[in-house]
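Chemist: With the hints as your guide, set chain B onto chain A.
Protein chains: 2
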Amino acid sequence: MAQKVQVLYDFAAEAGNNELTVKEGETLTVTNQSIGGGWIEAQNSRGEVGLVPEDYIEFSKQLPSFPGAAAPTPSVGHVATPDLSIFDSFAPAAAPAQYQASNGNDPWSVWNTDPSGGSNNNSASNPEGTQTGKSPADPWSSGSQGHPQAYQGPGAEYDEWDDEWDDKSTGGYAESESGESGAMQRGGASMKISLNKFPGFSKPGPELYLLCKQLAKGKEKLPIYSGEVGPVWSYPETQLDCVVADPKKGSKMYGLKSYIEYQITPNTTNRPVNHRYKHFDWLYERLLDKFGSAIPIPSLPDKQVTGRFEEEFIKMRMERLQGWMTRMCRHPVVSCSDVFQIFLTYKDEKDWKTGKRKAEKDETVGVMIFSTIEAEAVELDPVEVEQKCEQFSRFTKAMDDGVKEILTVGNEHWKRWTGPLPKEYQRIGKAFQNLSSVFNSSGYQGESTLTDAMTAAGKTYEEIAQMVAEQPKKDLHFVMETNNEYKGLLGCFPDTIGVHKAAIEKVKEGDKLVAASKITAQDKVTMAKRVSTMSYSLQAEMNHFHSNRIYDYNRVMQLYLEEQVKFYETIAAKLRQAHSQFTTM
Amino acid sequence: MAQKVQVLYDFAAEAGNNELTVKEGETLTVTNQSIGGGWIEAQNSRGEVGLVPEDYIEFSKQLPSFPGAAAPTPSVGHVATPDLSIFDSFAPAAAPAQYQASNGNDPWSVWNTDPSGGSNNNSASNPEGTQTGKSPADPWSSGSQGHPQAYQGPGAEYDEWDDEWDDKSTGGYAESESGESGAMQRGGASMKISLNKFPGFSKPGPELYLLCKQLAKGKEKLPIYSGEVGPVWSYPETQLDCVVADPKKGSKMYGLKSYIEYQITPNTTNRPVNHRYKHFDWLYERLLDKFGSAIPIPSLPDKQVTGRFEEEFIKMRMERLQGWMTRMCRHPVVSCSDVFQIFLTYKDEKDWKTGKRKAEKDETVGVMIFSTIEAEAVELDPVEVEQKCEQFSRFTKAMDDGVKEILTVGNEHWKRWTGPLPKEYQRIGKAFQNLSSVFNSSGYQGESTLTDAMTAAGKTYEEIAQMVAEQPKKDLHFVMETNNEYKGLLGCFPDTIGVHKAAIEKVKEGDKLVAASKITAQDKVTMAKRVSTMSYSLQAEMNHFHSNRIYDYNRVMQLYLEEQVKFYETIAAKLRQAHSQFTTM
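Just so you know, the sequences run in chain order A and B. Heads up, the first sequence is in my numbering, so the first residue is 305 and it goes up one at a time. Heads up, the second sequence is in my numbering, so the first residue is 305 and it goes up one at a time.
Only chain A is shown next, with the shape it has when bound in the complex (with noise of 0.2 Å):
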C-alpha cells in the first residue's frame, strides 16, 4: 500500500481540518488513495499523517509500489506470464514495452497526438471564422468558444457555469479520481493528474494474452455467436435497464466535503440503491480496467469543478449519467458483469464494501478480458482479421468526423437560436406594435380594427419569438446529447482497435520470431487462434454498435423532426390567426 510520491507545492493545512501541511520536493507515503473529493491521505517523513490535495503531489516520479495496490495497475496475479523480453527487440524506441494506444500505430493518430481536435478535417462545414478544438478534451470544443449562447444543455445558456465550462476535460481514459471537490477549490495549482496517464499504470500490450502459457479457468464465459449480422455477443433475454433520479445532496467530514447522491432504480430489482458520482467514477475505472480492450467504455460526464449544488447542472449531471447508465444497461457484456451488477443491486452498505473490494481485486482485466471469450464461428485468417480491423478503424474515424460536424453545426444553430434569432422576432414584433399604436393617435375614426390587428400580429411575432428560443431545448438537445454521446463513445475506439492492430503485428512477427527460436511454431498457432477470437470480439462489438447506432440515430432523429414539425405548425397557426384579424377591403 505504501506508495511514494513527490510534493510540488507548498500546501499549509487548516486547522482542526485532518489536513497535512506539507512542502515542496518532500516525499509522502500514500495510506490511503480512496479519500476521494480531490485528497489523498498521506504520512510525512516525520511520521505525521493527514489530508493533502492530490493535485499537489507528483505521482509520475514511479517511485516504488507494489502490484495489488489500490490504484488500477495491470494485476497480471495467477495468470501466467509470458516472458515479454522477446519483443524487446520489435518494441518502439520510445515507449516502454507497454502498449500505448494513442501513439504509434493508433489508427486516428492525428487525432490523438493533436488533441485539440486537428482532425476534424470538415473546414467547409466551419465557416464564419469558428475556432475549431479551443480546449483539448472539450466534447464541444469545435465552435462553443465560451459563447453565452452556445450549446451547453438544458437551461444552461445564460448561467454562471459558462466560463468554467470550457475548462473541463473529458479525455477518453484521463481525469479520474478528482472526485466532487477537486482541489482546484483549493489552491491555485491548475495540472490534474490521472493514475491512468503514469507509465507504470498503462494497459499491457496484447502479447499478455496472445502468448499466455496457460489461460485462466475462471467461471468469466464470454460467448460470442453467429447471428444474422455476423458475430454477436451474446444477449440477455430482458434487458437490464435503470433510472436515475431524485438527487439529494448529502455531507462528510463534519460537513466540510458536500456531495449529491442519486438514486439509482434498476428494472430487475426494482429497489433504488445510491450511489455519489465518485462512485459512477469508481464503476467506471472498473468497467475500463476490466473490458476497455475489447468494449468502448465511454467515459462518464464532464466533471463540474465549481457551482455543482445549482440545480440546472445538478439536472445535466443527472441526464447525462442516465445516458450513460442506459448504455452501460444495453450492453449485454458489461450488464451483465459482476461490477455492474453489484453497482446497481446491493443490499446494503457492507454488501456494497464486499462487492466493492471483490471488483478491485479481479484479475480478469485489461487484454486478458479476450481470454474468457469462446467464439463458436470458425477460425480467421489474419489476413481476414486486419481488413476487419481496417474497415471498423475506417467507419469509426468517419462517424468520428460526421458526429464532430453535427455538433459544431449545432452549436452554432444554438446560438442563433436563442440568441440573435429571438431577438429579431421580438424587434419585428415591437415594430408592429410601435406602428400600431402611433396609428391608434391618428384621431382618424375606424382604425381600431387596423390597430387592433397589428397590435395582434406584433404580440404574435413576440410569442413567436419566446417559442424560438426555446425551441432548441425541445428538439436540437437531444440531437446533441445523442451526438455528444457518440463523440465520447467514438473516443474509445482508437485504443479498442489499437489493442487489435497491436495484436495483428504482433502475429505478423510470427515466422520471424520462430525462425529466431524466440518463440515455438506452436506458439505461433495459439497467437493466431488467439488473434482470431479478438477479431470476433471486436466484430460482435462493431455489430452490438452498429444495432445501438441505428436504434439511436432513428429514435432522435424522429423526435428532431417530430417537434420541428410542431415548431413550424404552431408558428403557421398563430400567423393564420393573427392574419385573419385583418378585414379585407
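If you are wondering where the hints come from, they were derived from the structure by calculation, not from laboratory data. Certain hints may be false.
Derived lysine-lysine pairs resembling DSS-like cross-links, with alpha carbons at most 25 Å apart [what the hints assert, rightly or not]:
{"no.": "1", "chain 1": "A", "residue 1": "K692", "chain 2": "A", "residue 2": "K552"}
{"no.": "2", "chain 1": "A", "residue 1": "K763", "chain 2": "B", "residue 2": "K778"}
{"no.": "3", "chain 1": "A", "residue 1": "K778", "chain 2": "B", "residue 2": "K763"}
{"no.": "4", "chain 1": "B", "residue 1": "K791", "chain 2": "A", "residue 2": "K763"}
{"no.": "5", "chain 1": "B", "residue 1": "K778", "chain 2": "B", "residue 2": "K727"}
{"no.": "6", "chain 1": "A", "residue 1": "K727", "chain 2": "B", "residue 2": "K777"}
{"no.": "7", "chain 1": "B", "residue 1": "K552", "chain 2": "B", "residue 2": "K701"}
{"no.": "8", "chain 1": "B", "residue 1": "K727", "chain 2": "A", "residue 2": "K777"}
{"no.": "9", "chain 1": "B", "residue 1": "K812", "chain 2": "B", "residue 2": "K822"}
{"no.": "10", "chain 1": "A", "residue 1": "K870", "chain 2": "B", "residue 2": "K727"}
{"no.": "11", "chain 1": "B", "residue 1": "K763", "chain 2": "A", "residue 2": "K791"}
{"no.": "12", "chain 1": "B", "residue 1": "K778", "chain 2": "A", "residue 2": "K727"}
{"no.": "13", "chain 1": "A", "residue 1": "K727", "chain 2": "B", "residue 2": "K870"}
{"no.": "14", "chain 1": "B", "residue 1": "K552", "chain 2": "B", "residue 2": "K582"}
{"no.": "15", "chain 1": "A", "residue 1": "K778", "chain 2": "B", "residue 2": "K727"}
{"no.": "16", "chain 1": "A", "residue 1": "K763", "chain 2": "B", "residue 2": "K777"}
{"no.": "17", "chain 1": "A", "residue 1": "K561", "chain 2": "A", "residue 2": "K657"}
{"no.": "18", "chain 1": "A", "residue 1": "K763", "chain 2": "B", "residue 2": "K701"}
{"no.": "19", "chain 1": "B", "residue 1": "K870", "chain 2": "A", "residue 2": "K763"}
{"no.": "20", "chain 1": "B", "residue 1": "K763", "chain 2": "A", "residue 2": "K870"}
{"no.": "21", "chain 1": "B", "residue 1": "K822", "chain 2": "A", "residue 2": "K701"}
{"no.": "22", "chain 1": "A", "residue 1": "K654", "chain 2": "A", "residue 2": "K556"}
{"no.": "23", "chain 1": "A", "residue 1": "K525", "chain 2": "A", "residue 2": "K692"}
{"no.": "24", "chain 1": "B", "residue 1": "K763", "chain 2": "A", "residue 2": "K777"}
{"no.": "25", "chain 1": "A", "residue 1": "K651", "chain 2": "A", "residue 2": "K665"}
{"no.": "26", "chain 1": "B", "residue 1": "K870", "chain 2": "A", "residue 2": "K778"}
{"no.": "27", "chain 1": "B", "residue 1": "K582", "chain 2": "B", "residue 2": "K654"}
{"no.": "28", "chain 1": "A", "residue 1": "K657", "chain 2": "A", "residue 2": "K556"}
{"no.": "29", "chain 1": "A", "residue 1": "K727", "chain 2": "B", "residue 2": "K727"}
{"no.": "30", "chain 1": "B", "residue 1": "K870", "chain 2": "A", "residue 2": "K870"}
{"no.": "31", "chain 1": "B", "residue 1": "K805", "chain 2": "B", "residue 2": "K828"}
{"no.": "32", "chain 1": "A", "residue 1": "K660", "chain 2": "A", "residue 2": "K561"}
{"no.": "33", "chain 1": "B", "residue 1": "K660", "chain 2": "B", "residue 2": "K523"}
{"no.": "34", "chain 1": "A", "residue 1": "K870", "chain 2": "B", "residue 2": "K778"}
{"no.": "35", "chain 1": "A", "residue 1": "K523", "chain 2": "A", "residue 2": "K833"}
Modeler: For chain B alone, coordinates are given in the frame of chain A:
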C-alpha cells in the same frame, strides 16, 4: 431666357459630340436648359454654343435672370401681389423674405437640419451596432451600410449596384433635372445642383396668398366637402389607375445617349403612352410646384447613375414608378389635374409638347393653390386651426419614426434571411447527409432505411435553406416597399405642414399689424378666412392620407402574413414528409 452661369471645372469637349470646351471661372449664357440627361446648352463669350455637363456649372451665383424663364420660378403673373415689405420686420433674420420650410418654423426642424437621419431616435430599435443615416437622403440609410445582403429591393442583394446604391439621394425637393445620363459618368464632379434649392427659386411664403388683394378667377376649383371623417376632397366616381410596363431601351444624339422608355397605360383610355424617367421627373416637378404647399408630393424613386440598363435595376425602378404613379392616380386632386392628365393621355408628340408648355406656364402654383380651394364648411377659429396643425405634425412625426423602425428592423431581417440563416439550414442539411453517407459505409446490413431517411431529411433542410433565402422577396419586400413609400411621403409633410404653420404665425401677428396700420382690419379678417381654408385643405389631405394608409397597411400586412403562413406551413409539410421516412423501431 439668357441665364448667366459660371463654370466650376474645366471641361474638354469630345469631338463630334456637339459639346463645348469650357474653363473654370468662365461665364456662360444658358441657351437651353431642357436638354436633359445632365446636360445644358450654353453659349460662351465668343458666341460658341454647345453642350456642357450640368454639374460643371454654378447656378447659385444668382447672375441676372428674368421671370418667365423655363426654370420653375415663382410665377406670380396676373395675380395681384401684396406688398410683402410690411413683413420685413417680422421675418427671420437669416433667410430672405421667402418661406423656407426646412428651417425656422419647421415642425421637424431637427430632422431637416440634420438630414442624416438624426431624428430617428429609435435608438433602442437599432442595436447590434447598426449605424443609422449613413447617406443623407438614402431612403434606407439606417442599416443598409452597403452590406451585400441589405435590403435593396427584389433580386438586387448580390449585384454590382451595391456600391453605387448608397450614393443615391432622394431628398424631398432636391435632385431634379439631372435626368438619366448624369454627368457623373463624364467627369469627376460629384456636386449636384438643384434648381429648387436656389434661394431665388424658393417657394414664396403663405403671405402671398393670405394677403392677395384679389384671388384669380380661373376655371380651377378644388372643392372640399364635409365627409363622415371630416373635411374631404372631391373624389372622382371612378378611380384613375394606370399600369407602368414594358421598359424599352432607346437612344438619342446618334446613339451617344441612351435611356429607358416605359409604357404607361391608364384605365380611362386603355391606350399606352411612352415616357422616360426624365418625363416622370418633369411631372414630379410640375406637381410639386403646383400642389406641394397643400399636398405632399412624394419623390420619385431613386435615380441610378450607373449601370442603368441592368435588368434587375430596371425592373425595380419600374416597380417603384408604378407605386408612385398609383399613389398619384389615387389622389383626387392630383389625378384630375391637367398636367397629370396630359402626361397619361397625350395623343401625339405635338399634343404632348403643347400640354407640356401649358403646364410650365401654369401660374396657379406654390401657395396660390389655396386660392382655388373652396371649403363649404364654417370658418375655423385660428386656435382650432393651430391645434389641427399641431396634431397632424405630431402624428406624421411619430409615424415617420415608426416607419423608420420597421425599415431598420426589416433591413436586419432581410440580411439574416438572405445570408446567415439559409447558410445554416444548408449546413444542417449537409451534416445530416454526410453522417448518412458515413452510415452507408458501415457494412452493416439493414442500414438503408435509416440512411435513406437521413439523406432525405438532409435534403429537406437544404430545400428549407433555399426557401428561407427566397422568402423575403415574397413577403418582407412588400412591407419594405410600402414603408419606404410612406417614409418618402412622410418626408414631405414637414414642408406642407410648415406652410400652414407659417400662415398661422402671420395671422397671429394680425392685431399688431393692424395696430401699426400695416394692414387693414379687413385684411386681418381675410387672412383668418384664408387660413381657415388652408386648414380645411390640410384636414382633407390628412383624411386622404389616413384612408390610404389604412388601406395600404391592411393590404400589406395581410399579404405579409399570408405569405408567412404559407412559408411556415410549407416547411412543416416538408419536415412531416421527412419524418415519415423514419421507421419506428
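Chemist: Look at each hint and say if it fits the structure.
Modeler: Comparing the hints with the structure gives:
Taken as a hint, the K692(A) and K552(A) pair is broken in the structure, with Cα atoms around 47 Å apart against an allowance of 25 Å. A distance of roughly 22 Å separates the Cα atoms of K763(A) and K778(B); the hinted pair therefore holds under the 25 Å criterion. Distance hint between K778(A) and K763(B) is fulfilled; the C-alpha atoms sit about 22 Å from each other, no more than 25 Å. With a C-alpha separation of about 24 Å, the suggested pair K791(B) and K763(A) falls inside the 25 Å cut-off, and the hint holds.
With a C-alpha separation of about 19 Å, the suggested pairing of K778(B) with K727(B) holds against the 25 Å cut-off. At roughly 22 Å between alpha-carbon atoms, K727(A) and K777(B) fall within 25 Å of each other, so this suggested pair holds. Of the pairs offered as hints, the one joining K552(B) and K701(B) is violated, with about 39 Å between alpha carbons and a cut-off of 25 Å exceeded. A hinted pair counts as satisfied when its Cα atoms are at most 25 Å apart, and K727(B) with K777(A) qualifies at roughly 22 Å.
About 14 Å separates the Cα atoms of K812(B) and K822(B), which keeps this hinted pair within 25 Å; it holds. At roughly 23 Å between alpha-carbon atoms, K870(A) and K727(B) fall within 25 Å of each other, so this suggested pair holds. Between K763(B) and K791(A) the CA atoms are separated by roughly 24 Å; this keeps the pair inside 25 Å, and the hint holds. About 22 Å separates the Cα atoms of K778(B) and K727(A), which keeps this hinted pair within 25 Å; it holds.
Distance restraint check for K727(A) and K870(B): the Cα-Cα separation of roughly 23 Å lies within the 25 Å cut-off, and the hinted pair is therefore satisfied. Using a Cα cut-off of 25 Å, the hinted pair K552(B) and K582(B) holds, with the two alpha carbons roughly 14 Å apart. The hinted pair formed by K778(A) and K727(B) meets the criterion: a straight-line CA distance of about 22 Å does not exceed 25 Å. For the suggested pair K763(A) and K777(B), the alpha carbons sit about 23 Å apart, so the restraint of at most 25 Å is met.
For the hint pairing K561(A) with K657(A), the CA-to-CA distance comes to about 21 Å; that is within 25 Å, so the pair holds. Our distance criterion of 25 Å between C-alpha atoms is met by K763(A) and K701(B), whose separation comes to about 24 Å. Straight-line distance between C-alpha atoms of K870(B) and K763(A) comes to about 19 Å, which keeps the hinted pair within the 25 Å bound. For the proposed pair K763(B) and K870(A), the alpha carbon gap of about 19 Å is at most 25 Å, so the pair holds.
As the CA atoms of K822(B) and K701(A) are separated by approximately 97 Å, the hinted pair breaks the 25 Å bound. Proximity of K654(A) to K556(A) is assessed by CA-CA distance (about 19 Å); at most 25 Å being required, the pair is judged to hold. The hinted pair formed by K525(A) and K692(A) meets the criterion: a straight-line CA distance of about 24 Å does not exceed 25 Å. For a cut-off of 25 Å, the pair hint linking K763(B) to K777(A) stands: about 23 Å separates their Cα positions.
A distance of roughly 20 Å separates the Cα atoms of K651(A) and K665(A); the hinted pair therefore holds under the 25 Å criterion. In summary, the hint linking K870(B) to K778(A) is supported, as the alpha carbons are separated by about 24 Å, within the 25 Å threshold. Between the alpha carbons of K582(B) and K654(B) the distance comes to roughly 18 Å, so the proposed pair stays at or under 25 Å and holds. Distance check on the hinted pair: K657(A) and K556(A) sit about 18 Å apart at the alpha-carbon level, within 25 Å; holds.
For a cut-off of 25 Å, the pair hint linking K727(A) to K727(B) stands: about 19 Å separates their Cα positions. Our distance criterion of 25 Å between C-alpha atoms is met by K870(B) and K870(A), whose separation comes to about 15 Å. A threshold of 25 Å between alpha carbons decides the hint, and for K805(B) with K828(B) the separation of about 17 Å falls inside it, so the pair holds. Using a Cα cut-off of 25 Å, the hinted pair K660(A) and K561(A) holds, with the two alpha carbons roughly 22 Å apart.
Annotation: proposed proximity of K660(B) to K523(B) holds, straight-line Cα distance about 19 Å (limit 25 Å). Straight-line distance between C-alpha atoms of K870(A) and K778(B) comes to about 24 Å, which keeps the hinted pair within the 25 Å bound. Of the supplied pair hints, the one linking K523(A) and K833(A) holds, its CA atoms being roughly 21 Å apart against a limit of 25 Å.
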